[in-house]
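Peer 1: Sequence:
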Amino acid sequence: MFLGKTTCSVEGHCSCLPGYHHIPPNSKCFPDIGLGGMCEDNAECAVPSAVCSAGICSCGSGLIPDDDNTMCTGDNGKRTAEHGLIVVLLSLALPRLFEYLKSST
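Quick note, the sequence shown lines up with residues 1 to 105 if you use UniProt numbering.
One thing to keep in mind: the hints can contain errors.
Think about it this way: if two alpha-carbon atoms lie no more than 20 Å apart in a straight line, the pair counts; the simulated EDC-like pairs of lysine to aspartate or glutamate are [to be verified]:
no., residue 1, residue 2
1, Lys102, Asp32
2, Lys5, Asp41
3, Lys5, Asp66
4, Lys28, Glu44
5, Lys5, Glu44
6, Lys5, Glu40
7, Lys28, Asp41
8, Lys28, Glu40
9, Lys5, Asp32
Worth flagging that the hints you see were computed from the coordinates, not collected in a lab.
Kindly generate the complete structure, drawing on both the sequences and the hints.
Peer 2: Here it is as C-alpha cells:
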C-alpha cells in the first residue's frame with residue numbers, strides 16, 4: 001500500500017495519482033519533477049537517469065539533456081534512458097488496465 005497521493009480500488013490495489021510516480025521499494029508516491037525542476041530527493045526526478053543535485057533535477061554524471069529537455073542522453077546524443085521510460089510508463093498504465101478489465105467482467 002502506498003502512502004499519500006494515491007488512489008486505491010476496493011480490492012486494495014493502489015496506484016499513484018496522475019502527476020506522481022512510485023519507485024520500489026518505497027511506499028510513497030513522489031511528484032513528477034522534470035529536468036530543471038526543484039527537488040529534495042533523487043526519487044522526485046521523473047526523468048530516467050536524472051538526479052537531484054543542489055535542489056534541481058539534472059542529468060546524472062556523463063549525461064546531458066536532449067534537445068527538448070525531457071530525456072538524459074549520452075555524449076553521442078543517443079537516448080540512454082528510453083528503456084527506463086518505457087518501464088515507467090508501463091508501470092503506470094498496466095495497473096489501471098487490469099483494474100478496468102476486472103471491473104468490466
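Peer 1: Against each hint, give a clear statement of whether it holds in the structure.
Peer 2: Structure-based check of all given hints:
1. Lys102 to Asp32: violated, 28 Å
2. Lys5 to Asp41: Distance ~17 Å between Lys5 and Asp41 Cα, so the pair holds.
3. Lys5 to Asp66: Status violated; Cα separation ~30 Å.
4. Lys28 to Glu44: Satisfied, since the Cα-Cα distance of roughly 11 Å is no more than 20 Å.
5. Lys5 to Glu44: Cα-Cα ~13 Å, so holds.
6. Lys5 to Glu40: holds, 17 Å
7. Lys28 to Asp41: It holds: about 12 Å lies between the C-alpha atoms, which stays within 20 Å.
8. Lys28 to Glu40: holds, 14 Å
9. Lys5 to Asp32: holds, 12 Å
The structure shown violates the earlier hints numbered 1, 3.
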